[in-house]
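K.L.:
Sequence lines, in order, name chains A and B.
Those letters in the first sequence? Residues 12 to 290, by this note's numbering.
Those letters in the second sequence? Residues 648 to 797, by this note's numbering.
Since the hints were derived computationally from the structure, they do not count as laboratory data.
Fair warning: there could be bad hints in the mix.
Label-pair distances were calculated between CB atoms; the ranges are [as the list claims (entries may be wrong)]:
(1) Asp104(A) to Glu687(B): 34 to 42 Å
(2) Ala700(B) to Asp191(A): 53 to 61 Å
(3) Lys649(B) to Gly231(A): 35 to 43 Å
(4) Lys718(B) to Thr199(A): 47 to 55 Å
(5) Glu67(A) to Asp674(B): 46 to 54 Å
(6) Asn47(A) to Asp674(B): 25 to 33 Å
Built from N, CA and C at the ideal position, the CB exists for glycine as well.
Here is what each chain is made of, one letter per residue.
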Amino acid sequence: MKWITREHPKIDRLACPWLIWRFIDPQATIIYVPFNEVLSKAEQLNAIPFDIPGVEYTHYGDECTFDYLIKKHNIKDAALNAMAPIVRGADTDHHEIAAQAAGLWAISAGLAYNHKDDYELLEKGMLIYDALYSWAKHLQKEKHTQQPFENLLLNVFNKFLKEKKGTGKKIPAWAQELKDLIQDHIDTNLSLKELSKDLSINPSYLSREFSKHFDNLSFGEYIRKQRIEKAIELMTTPAYSLTEIAYLTGFSDQSHFTRIFRQHTGVSPFEYRKNLKKK
Amino acid sequence: MKWITREHPKIDRIACPWLIRKFVDKDAEFIYVPKERVFEKAKELGAIPYDIAGAEYTHYGDQCTFDYIIKKHALTDTALLQIATIVRGADTDRFDLAPQAAGLWAISAGLSYNYKDDHEMLAIGIKVYDALYSWSKYAQTEVHTWNNKT
Chain A
12 MKWITREHPK IDRLACPWLI WRFIDPQATI IYVPFNEVLS KAEQLNAIPF
62 DIPGVEYTHY GDECTFDYLI KKHNIKDAAL NAMAPIVRGA DTDHHEIAAQ
112 AAGLWAISAG LAYNHKDDYE LLEKGMLIYD ALYSWAKHLQ KEKHTQQPFE
162 NLLLNVFNKF LKEKKGTGKK IPAWAQELKD LIQDHIDTNL SLKELSKDLS
212 INPSYLSREF SKHFDNLSFG EYIRKQRIEK AIELMTTPAY SLTEIAYLTG
262 FSDQSHFTRI FRQHTGVSPF EYRKNLKKK
Chain B
648 MKWITREHPK IDRIACPWLI RKFVDKDAEF IYVPKERVFE KAKELGAIPY
698 DIAGAEYTHY GDQCTFDYII KKHALTDTAL LQIATIVRGA DTDRFDLAPQ
748 AAGLWAISAG LSYNYKDDHE MLAIGIKVYD ALYSWSKYAQ TEVHTWNNKT
């Protein structure tokens with residue numbers, strides 16, 4: 012089938028051809044002509060006119076032609092339902108309808124500026140709507156950070172930012188959660204600099220806020236204290252050698268472990284364990 | 648110059664090549680390799696590593712690599728500065744930074760899903776940033792109403 016509409020497409024007149032090709036008629040031919048020729052050419056070429064006032068495939072109330080196509084052809088697809096408000100928001104200058112509408116509009120307006128040939132523009136538009144569809148179908152929940160651990164910390168940090176606004180003096184939830192996280196990941200190489208880089212947080216800012224809620228200790232001091240406490244706990248289990256304990260508590264080597272342990276407790280791990288046995 | 652970074656680019660590792668080629672080095676060549684091989688390959692090929700922890704061209708605080716290139720090369724194009732905020736928002740999950748960030752993220756994530764070849768992804772991504780740039784520079788005041796006969 013042939014479909015015809017006005018020239019210089021931006022949103023709906025690119026999104027509708029995409030929808031027609033992907034869900035209604037893969038063989039469809041799309042034709043762009045000047046506004047005042049759409050109806051006469053439609054008749055002449057036996058094409059379906061769309062996205063122009065006075066035809067069946069057009070806007071109804073707040074809804075754009077993309078919405079009408081979905082309804083008319085009874086297409087049931089959850090990803091498409093997520094895309095429709097984005098298209099509608101971008102097409103009707105109601106960017107508040109969907110968070111992605113303003114970005115789609117900016118990219119579409121720019122593409123239209125860069126590609127003056129409507130058919131070339133349609134080709135680019137297909138890439139964009141295929142991408143939006145893949146996002147809607149598979150990636151809507153995905154965040155840009157790639158490590159699950161990063162995601163956890165990111166959530167904590169977001170909580171931290173929120174609480175910052177209406178802050179009281181009691182220990183905020185983010186601090187408690189960060190405590191738990193450190194506890195769970197004590198055997199991995201946690202560095203504030205790395206974490207803040209991955210999280211796009213200013214390291215000095217986080218470390219400043221950190222000490223307020225972690226016994227006036229810096230991030231590094233707190234981590235070391237946690238590791239030593241964990242080491243002491245593990246020492247009560249005779250099955251672990253001191254080498255294993257150093258490894259399990261995130262120390263890179265035995266001598267580092269011994270040095271830090273002595274700083275915190277005044278004795279070496281070996282002596283500490285010996286005293287433990289006496290008791 | 649050669650520029651090298653981690654494979655499977657989404658936002659910053661597409662936006663930076665666009666920025667470099669358009670404003671810093673027209674003849675730049677871009678290389679994507681597995682994360683753990685970036686520094687080794689950079690040395691071998693005499694390439695500049697970017698958008699990876701430990702390189703000069705990387706994130707600083709809440710600023711992404713795109714921001715760093717703008718600062719380092721003292722670029723002052725206002726359209727570019729606007730795009731920087733959008734890129735930062737999309738790249739660091741801070742969609743509140745710019746209204747366009749969430750849309751850029753959705754489209755970029757979807758493109759990366761559809762095009763598994765990094766260089767194919769880059770070629771398409773460059774078109775997206777060319778579009779954002781044109782929008783910012785020339786088409787920003789335009790309001791889209793569907794029946795304006797143009």
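K.L.:
Evaluate each hint against the coordinates.
P.N.:
These are the hints, each one checked on the structure:
no., hint, in the structure
1, Asp104(A) to Glu687(B): 34 to 42 Å, "violated, 50 Å"
2, Ala700(B) to Asp191(A): 53 to 61 Å, "violated, 25 Å"
3, Lys649(B) to Gly231(A): 35 to 43 Å, "holds, 37 Å"
4, Lys718(B) to Thr199(A): 47 to 55 Å, "violated, 32 Å"
5, Glu67(A) to Asp674(B): 46 to 54 Å, "holds, 53 Å"
6, Asn47(A) to Asp674(B): 25 to 33 Å, "violated, 47 Å"
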